[in-house]
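Asks: Sequence:
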Amino acid sequence: MADAVYSVIPVQGGWAVEQPSGDYLMFLSGGLAEAKAHELAGLDSRAGIKARVLIHDRDRTLLGQREYPARQPPDIDGERRA
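Heads up: the sequence shown begins at 1 in the working numbering, then just goes up one per residue.
For the record, the hints were derived by calculation from the structure and aren't laboratory data. Hints may contain errors.
Said to hold, decoys possible - Distance ranges between label pairs, derived from CB positions:
{"hint": "1", "residue 1": "Gly64", "residue 2": "Leu28", "range": "18 to 24 Å"}
{"hint": "2", "residue 1": "Ala70", "residue 2": "Ser21", "range": "32 to 38 Å"}
{"hint": "3", "residue 1": "Asp3", "residue 2": "Leu25", "range": "14 to 20 Å"}
{"hint": "4", "residue 1": "Met26", "residue 2": "Arg66", "range": "19 to 25 Å"}
For every residue, glycine included, the Cβ atom is placed at its ideal position computed from N, Cα and C.
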């Protein structure tokens, strides 16, 4: 399965998180956008999807990235699979 990539990018009037679907979440604060990107990547990771967060500055230069490994989701009874 392909990685889910969340990019935090500057936009007019603030910041956005570009989601794997191509949709954008808009924020006034870069910090809030970054926090949301990490939250979404963490949810993907727990669902068994490898995810990455890319953080860009106002010049769209890549400042950093973080990878979230795909984790094996729990079985319906709540136990992790072997």
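Asks: None of the hints should be skipped; say for each whether it holds.
Replies: Here's how the hints hold up against the structure:
1. Gly64 - Leu28: 18 to 24 Å: Given range 18 to 24 Å: holds, Cβ gap about 21 Å.
2. Ala70 - Ser21: 32 to 38 Å: violated, 18 Å
3. Asp3 - Leu25: 14 to 20 Å: Holds - the Cβ-Cβ distance for Asp3 and Leu25, about 18 Å, lies within 14 to 20 Å.
4. Met26 - Arg66: 19 to 25 Å: About 21 Å separates the Cβ atoms of Met26 and Arg66, which means 19 to 25 Å holds.
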